[in-house]
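Peer 1: All chains, please: the whole structure from these sequences, using the hints.
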Amino acid sequence: MPRKTYALSAHLFAELSIKIFANKAQSIVSRKSLLFLGLGALISLQACSQDAEPLKLSAAPQTIISNAQIYTFAWDEPDGEGIPADSAPQNGGRWQADAQALAITDGIISAMGNNDEVLALAGESSRLIDAGGATILPGFTDSHTHIEELGATLDDVDLKGVADEAEAVARVVAHMQTNEIPAGQWIVARGWDDGLWADRYPSHHSLTAAVPNNPVLMDGTNGFGAWGNKLAMDAAGIIAGAPDPVGGEILRDANGEPTGAVRNRGVALYRSAVPPLSEARLQRRLVNGLKLMADAGYTAVHHAGVDTPLMAAYEALAERDELPLRVYAMISGRDKPLMEQWLTRGPSALGEESKLFVKSVKGYYDGSLGARGAKLIAEYSDRPGHHGVSGEDYGFFTEEISAMLQAGFQINVHAIGDGGNREVLHFLRDNFALNPALQANRHRIEHAQVVHPDDFALYDELDVIASVQPPFVAEDKVWTEDRIGHARSAGAYAWRSFRRHNTPLAFGSDLMGYDWNLFYGLHSAITRQSTDSKPPGGWFPEEKLTVEESIRGYTTGAAYAAFLEDRAGSLEVGKWADLTIVDINPFAVVADDPAALLDGRVLMTWVAGELIAGELSE
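Last residue of the sequence shown? That's 623 in this note's numbering, and every number before it is there in order.
Worth flagging that the hints you see were computed from the coordinates, not collected in a lab.
None of the values given here were measured: they were computed from a predicted structure.
Glycine included, each C-beta is placed from N, C-alpha and C at the ideal position.
Incorrect hints may have been included.
[Said to hold, decoys possible] Keeping only pairs whose Cα atoms sit at most 30 Å apart, straight-line, the calculated DSSO-like set for lysine-lysine is:
hint: 1; residue 1: K165; residue 2: K235
hint: 2; residue 1: K165; residue 2: K539
hint: 3; residue 1: K165; residue 2: K61
[Claimed, not checked] Label-pair ranges, simulated between beta-carbon atoms:
hint: 4; residue 1: L439; residue 2: E358; range: 55 to 61 Å
hint: 5; residue 1: N184; residue 2: E320; range: 46 to 52 Å
hint: 6; residue 1: A214; residue 2: Q411; range: 49 to 55 Å
Peer 2: Structure (C-alpha cells):
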C-alpha cells in the first residue's frame, strides 16, 4: 500500500497562514522561514545539523510529522531566576526550535531530527503529515481538574461570567424553557464568582419566585459558595434553626432566617441533597469532559478528589480503553471507604497499558480565600477576628490520610491560606519523622495561594511540590488585597519565590472555577495581568515566570508531579507520543508581544501517537 501524505486540514492551514502573515514575522517564525511554509522545509536548525549521523530504525515508523517547529524540552531546567540552562536551544539569546520532525511507532516517539533525516525513515505504509510550520510542544497536562464538572456543562446551566443575581436567575429560567424540564427535577447551575460576590451574596427569594416548582442549586466557581431556591433549601435541611455545619456557614438575614446562601463546608448540604447520577451518565460526563480538554490541547489531566462513584466510572472506562486522555486520579480524602479499599490495593497504575493512574490522595485542609474560608495566620483584613477554617473542622481526616501517607501514597492537600499551608507542611514533617523515606513520595500542596515568607524554605526542606493555577492571579487580584492587605499579597501566587527555593511547580486550572485555556494560563503566569493587560507591568511583577518556566509547569513539572517524567513531559525518543500542536510559537510571541499569546489556537492534540483532536486532510 503506498504511503499517504497528510497536512493540516485546509481551513486550519489557511488560518495558520493568515495568522503568520497578519502578525509581525518575528512573532511566529523568522522572515526567511515564511518563504518555505507549505513547501516541506524550514531553515536549518543548529540542533539538527546536516553533519549528524543518519538516523536508523529497525522498521519504518507508522507516522512522521515534519515541517514543524518542535521544542522538545529535553534540555536542562533553568535556574531559580529563570535563566535558561547552557543546553537550552538559544542563539544570541533568542529561542530556536530544536527539531523539525519526529517519527512515531506504536504510540512512542521513535526518531527526532531535521526534516530530511526523519523523512528518510519513511516506508510505503508510513503516514506523512506536513505540519505547515506549526509549533509542536510536549503534551500539556492540567494538574488540577474536576472533569465531571466540565462534562456536566453540557447538562447543567453555565453561570460563568454572570454579573449579578438577576442575570444568574435569568439563565436558569432560559435553560428551563429551552429544555422543558419537568416539575420536581433538580436543576444544577455552576460558575458564579463566589469570590467577587463575597460581600453581596444572593438570597433565595428571586430564584424561588422565578423557579417555584424545581429545586435549584447555584454552585459557585470554586465550590466554596452556593445558594438555592426554597425547594433546594428544604431538601438540604437549610431551614430556620438549622445549625451551621462544621467548617461551614449558613448565611442568615436580619431576622436570623436562612437566605439560601452558604459558604465553605455549607456547600456540602446542597450537594448531598442532589440525587446521584447513574454510573452510565457519570461515565458520559467524564468522557465529554476529557474530550473538551483534548480540544483545548491537553493530553493528560490530574483529577482532584475522585470519590467512589467517580473511581468506578473511571475504572470502567479504562477497562474498555475509552479514556481519550491520560488521567492521574487523586483519591478523595473525604471518602473513607475508598481510602480503605486502596490501602489494600496499594499505590500503583492500573496496568502498563491503562491511561488511568492512581497513586495519590487529595486532602482538603482549608476553604477558599474569596469566601474567607482559607486559614490565615493573621486575621482577614476585611473581617477582623476571623482566620478561616482548617483541619478536621474542614473535613481533613488526619488519621486516615496519615495511614495513606504511611502506606506510600502521594498526599496532595488543598491548602490556600498561609496558616493552612504552614499546618499542612508541619503535618507532613511530623509524618516524615516517623518514616523519613516517605519524603521521597513527591507530596503536593494544591493551590498554595498565600504562603508566609518563612515557609518557602520549608517547602524546599520537605521536597513538597506546589501545584498552582496561573489563572487564579488574573481573576483573584481584584479582591485579594481586600482579604489580606497589600503586604501579605506579596506572598500570594508567589511562583518566582517557589522557584528561588527549588520548589517544583505543576500548573493547572482548577476547572470549572477558572478558564482552562492553555494560552490564558501561560499569559497569566508570564504577565500576571488580566486579558486587558492590566495592571501595567503586572500584579506583583517580581513573581512573574518566563515562557520556558510557564510551559514547563504544564509539561515537565506536571509529569514529575505524577511520577511520569520517564514517559511524558518532554519529547524524546522512547517517550509517549503525546503532542500539543499550536498555531503560534510561544517563545517568539512572548519576545515580541506577550498579549498575543491570547490569540493562540490549538491545532491538534495527539495521545499515544493517535490524533484525538484537530483535523487532517489528505
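Peer 1: Confirm or reject each hint.
Peer 2: Hint check results:
1. K165 with K235: holds (23 Å)
2. K165 with K539: It holds: about 21 Å lies between the C-alpha atoms, which stays within 30 Å.
3. K165 with K61: Judged against 30 Å, a Cα distance of about 52 Å means the pair is violated.
4. L439 with E358: 55 to 61 Å: For E358 against L439, whose Cβ atoms are near 36 Å apart, the range 55 to 61 Å is violated.
5. N184 with E320: 46 to 52 Å: violated (31 Å)
6. A214 with Q411: 49 to 55 Å: holds (53 Å)
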